Amino acid sequence: MTLRSIFRKGIFFLLLVLGSFSFSQEMEVATDSLETKKYRYISYALGYNNPIPTGDNFIGQGLEGNGGFNFKVQIYVYKDFFVGVSVGASYFNVADQIVVGNYNKTRIAEEYLYVGYEFEPLLDFYLGLTASIIGSSRYKNTISESIFQRDSARLMSYGAYFVYEIVDEIQVYLDYNYRIDRTKIDVPNTLESIFKKGKFHQIGIGIRCSFIGDNFITSLFKKKK
Amino acid sequence: MLFSRIITICCFTALVYGCEVNLEPDTRILVSGQVLDEVNQPVTQAQVEVTSRIATSIFGEDDLILGSGLTDDSGSFNVVSLLERDDEFAVRVNKNEDFTSYTYFTDTAANELDDLEINLGEVSLKRIATVSFNINETSDTGNTLNFTLKYNDIECIEFFNGEIIDMNNSFCFQQVQISQVLETTVTSTNGMFLTPLLSEIEFTYSINNQSPITEIFVVNDTSYDFTFNF
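As they're listed, the protein sequences go chains G and S.
Using our numbering, count along the first sequence one by one with no gaps and you end on 231.
Using our numbering, count along the second sequence one by one with no gaps and you end on 1283.
Just so you know, these hints were derived from the structure itself, not from any lab.
Bear in mind that the values here come from a model prediction, so they are computed numbers and not experimental data.
Note that beta-carbon positions come from the ideal geometry of N, C-alpha and C, so glycine has one too.
Hints are supplied without guarantee of correctness; some may be wrong.
What the hints assert, rightly or not - According to the in silico footprint, chain G covers these stretches of chain S (three or more CB under 8 Å from chain G): (1) 1079-1088; (2) 1115-1127; (3) 1167-1177.
To be verified - Derived DMTMM-like pairs (lysine to aspartate or glutamate); straight-line CA-CA distance at most 25 Å: (4) G:Lys190 / S:Glu1170; (5) G:Lys205 / S:Glu1077; (6) G:Lys146 / G:Asp192.
Using the sequences and the accompanying hints, generate a full structural model.
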């Protein structure tokens, strides 16, 4: 089973959960509002980020960030624990062709499944931590308008975000992610250390819509009752 | 009618310009070597380009630079390059117009690269000398002169199949020659040619069909003048 097919199945599973789960939430929000602690059951986030290459590797030495975006869906499975899917793209200009080869731009399309925990240290402020479970990225290296070269990698992403709640359903956030891509690029032994991994930071802002309600596991127990 | 013409023109344009070229995915190669001059001193800041022919339209193809770099203080270079499957995958080494050039060809479509590396070893870029020659009859006796000037060309192009050089298609500082006859009506000639510095010129002449005499010169100056009077 390829990484992409795992992803497609993961996304399909999440959408299935969304479809069956979100209707049941509407009925239960009223009773939950009596509780002091409010839980979310799902959030959608759309963000812009700036990739910042780092380290002694082909991204850190050869590329410079030129923006990016991502779309995330988080499903809160138990209290403030969640699983999520992120899809997006990061754009780079080539800063040093001597390091990477003769191309001018790189677009990294990325998708990953992650888990995380979110808590409220201050009223209306939330802090979240995330770590990817599985993910893949595809590099499209542009030489000219019609000439390309492609690379691929498995990715790991570790992140944190800071959310301010404007109203219950709408939040804005700042986020940070540390990305490590384990590439599948075949290189001579002498280039192994440069091309084996690519690393960059992502600092971003975005807007998030989330819905208050029972999380997935809690709602299962309530249904049993 | 007009609509079908527009469709035809669009399809034709798409065919000509719409071809997307994708190079070998998930691959980088390393091209290395050392560039030395005619006295085995390193040639610094020489340009190394890895190129492949890419079809840019249905009518033709262009050379595409896949990797490039410069030689360092020791004349060494290590160029990271993309790879394309091409029967004339090339590495070109140039300094400037004062130096000879070197081109390495290999067939990456038929041959796998060992360890994804191309090591050119020692590459020779020699300074180019301009040789001017003047040959004159000064004796006023109506002699006939047959002469030949043999010298080395400034190009070096080598084809490799894997690590084995293909001698049939390779030529490196190949010997070329100029031959001429001076007789009653034409009593002098002059000209010029380019040859690597410190290479030898072989001048063979025969006056009035006597036994040929050969003289050998070493081109020891980038502007070398050769005069022969008979």
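Outcome of the hint check:
no.	hint	verdict
1	1079-1088	holds (count 5)
2	1115-1127	holds (count 6)
3	1167-1177	holds (count 3)
4	G:Lys190 / S:Glu1170	holds (18 Å)
5	G:Lys205 / S:Glu1077	holds (23 Å)
6	G:Lys146 / G:Asp192	holds (16 Å)
Hint violations for this structure: none, all hints satisfied.
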